[in-house]
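Protein chains in written order, with full-length UniProt numbering: chain A, 1 to 162; chain B, 1 to 789.
A few of these clues could be false.
[Unchecked claim] Straight-line distance between alpha carbons at most 30 Å, and here's what the computed DSS-like set of lysine-lysine pairs gives:
id : chain 1 : residue 1 : chain 2 : residue 2
1  : B       : Lys22     : A       : Lys116
2  : B       : Lys349    : B       : Lys309
3  : A       : Lys145    : B       : Lys722
It should be emphasised that the hints constitute simulated quantities derived from the structure, not laboratory data.
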Amino acid sequence: MPQVSMTVNGRKVSGEVEGRTLLVEFLREGLRLTGTHVGCDTAQCGACVVHVNGNSIKSCNIFALEADGAEVTTIEGIAGKDGSLSVVQAAFQTHHGLQCGYCTPGMVMTATSLLKENPAPSEAEIREYLEGNICRCTGYHNIVKAIQAAAAELGSNRVAAE
Amino acid sequence: MPDGGIGASTKRREDVRFLTGKGRYTDDYNRPDQTYVWFLRSDVAHGRITKLDTSAAEAMPGVVKIFTSADFTTAGGIPAGWQIHDRQGEPMKEPKHPILAEGKVRHVGDPIAAVVAETRAQARDAAEAIEVDIEELPAVVDMRAALEAGSALVHDDMGTNLCFDWGFVEDNRDAVDAAIKAAPHVTTLELVNNRLIPNAMEPRVALGDYDQADDQHTLYTTSQNPHVIRLLMGAFVLSIPEQKLRVVAPDVGGGFGSKIFHYAEEAFVTAAAKVVGRPVKWTSTRSEAFMSDAHGRDHVTKIELATEKDGTFLALRSTTLANMGAYLSTFAPSIPTYLHGTLMAGNYKTPQIYVNVRAVFTNTVPVDAYRGAGRPEATFQIERVIDKAARELGIDPIEIRRRNYVTEFPYQTPVAVNYDIGDYNALMDKLIEIADVAGFPARREESAARGRLRGLGISSYIEACGIAPSNLVGQLGARAGLYEAATVRVNPTGGITVFTGSHSHGQGHETTFPQVVASMLGIDAGSIEISHGDTAKVPFGMGTYGSRSLAVGGSAIVKAVDKIIAKAKKIAAHLMEAAETDIELKDGRFSVAGTDKSVAWADVTLAAYVPHNYPLDQIEPGLEETAFYDPSNFTYPAGAYACEVEVDPETGVVTVLGFAAADDFGNVVNPMIVEGQVHGGIAQGIGQAMLEAAGYDENGQITTGSYMDYAMPRSNDVPNYKVDHSCVTPCTHNPLGVKGCGEAGAIGSPPAFVNAVLDALNSGGIKVDHINMPLTPSRVWAAIQAARA
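So that you can see chain A by itself, here it is in the shape it has in the complex (with noise of 0.2 Å):
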């Protein structure tokens, strides 16, 4: 079988893989990052979106070995070494952005992404963005809060640090 190499939140691993394992198994399976989540298999529902080379990408959607040689983050990634929670995790808890916590690595993933991209984004560019994040539980309404609140932290933290 072949191997696969890469760097997993700041770790390089490596691994033996079939040819049509997917990133999403290889992280679950092969790494016990069981963060990030599968729930569905057409590339839908975005539970199992994780950073790749810096980009938000569904990892059930691209083979192990098309990651060979990147970077990788996870959900297991983000808090703080010490556990501390981002300040788009801690505004999720804060505005009860989740439930059964099923959806939400992917979409901390992805909120995550979009306030790198886009630092103030309006509802409406919020909610575009999460159109491949399916949640069942909240609604969207106390996502979409949440990440409200952390663009604004992370602007005024950017204004602070000026």
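Assemble the complex: chain A is given as a structure, and chain B must be docked to it using the hints.
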């Protein structure tokens, strides 16, 4: 009162693990040396298996064993948990539901064989090498056709596709017929409550493990009620006594009803783990979920409302066909009957009501409870026919509701239930305020200026939650009690572990239950932990569904804490050499009334476990109590909802502009969580009304088998919601005065949405009486074209 008690919007403690990828969902569990199973499922709706040859597949790499029905000859069928009796008093038809198909397949997705292999991919590959021939039979899909003479039979030995023909209350049938015949006005509506697929985001998973040395079975499963699974699977399917079977339901990624039921895959992995001598794991794909998770709703109904000319309701008659699918799922028979018929009074004092439901077998996936379960079906009929009656009679839709609201409580309905308390006018007043109904005409004009039709839809709802008084449901055919259990274990240094039979799969019990206990004891909620979801830890439990966790599970916790307080007071009295009746508990301290003597909570708990100075002649050491709570009535949350939409008359596209909900949930423990529950329910209701429908073609093939075809609500399909729960009439019969909030949003919102679209069309001069859900652009456009033709 410490921080974080009842009424505080405490942040959820479980969120930290969910937000950091440390959740422990069933698929995150792996056992040493585990194998994987792939089910070969029927790709036809109805047929006879004429050949099933697994020999080639058995030779495939990694295959451990291939199972067919021949491996389960001693197992029982998957049981139904509720028995309905028909209008003649005869029990419902109850066909066997085997773990793997026995000779016949009855729906697309019916499992035929199961391949256990070293890897999931190998199991899947081998399943494709199984040779199976199926002689296709005519598929029974349409319910009306299923009941016609000469229809193909889903179950040959039943001789009919009719599961039961139920009348409620049967003795009222003739009186209701007569009242409708004599009425000055009758409004009739034929409607469909569309079939839905629950779609919790976590697909189902089952992992079976067997310890030969101790003869112990363990099942890890995505369940809302692990004890119910242990009971049904252990007693009826696999004959495993409770003490030899542990069922664990860890973090569960949403349920909405679909994870109440005992499924064949759970029985399979439990049994197969013993046969192959290794753990067996099954993880559903989403595609499998569409054809193996129980579906919801699927009613075809004729509703007739008889009124005076002034809109006073006189009588209501509801005649429904309810789809059961191919087999009876766990609670399927109870949904269109006792969870639907009993709610047909709605919020109104309709004096005469009769409900007839014929439940029908078809070659489709079994249908069972989905968020609301019977109550959305009842509410939709009532609230739609009222709107139509209002239009016919020229009465404002809010006014006709007010004229008929129940205003005096307790209120005995003609359909068996007794509403203990409520204030429906106050809810409507609140709704009018938060939805800014007064500003609607101006908003409508603004839309009209852009060529759009704006509509405002109103609905009221009532539901029966806090399921349920065991003696009552026993009389109605339930094969289980519906109490809840809790154990409160106080540790020596004063911290507490609460073991609850309720199960959290998104509801936030780990946060809210400590709020309740903290308020009772006056200690910090942070020193209280919740344990749930494991039959080896929790004494017993009926689980979470029917908005019952706080009303029933929370009440069991309250009862157990009451016992703890009573015992702790005895200990405190001994420590302070005072009379027990003089002991008061406040802010975590026990004091002697009228004195300055007191001892801290932790002094008492330590004394209980280090009983050196202790009334051992009167009470035992230790501080742990268990309570079972069986409710004396249902709870009756109620609300008034408003939906505001804009319709593009040229394309039929509907945009939801606003949604307001005024709910009475009784007392509220954590407002933030309650509001979140309502948001989610509304989104599911808008999903049902605007987007979602499980489709079958005439051959019984599922036409909505993935998220490419089944339209889940996405972030840009739904608006922000205005929700209010300030109208409070506390439940009169449980200790917390709570009613339950989980299902409300999904119950009240579909009629509000449909009423809004029809208001938009009719007010724009496009006369349309009804459009069946989901109101997709094509359906709305077609209705507009038909009205204009």
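Hints violated by the structure (listed by number, smallest first): none
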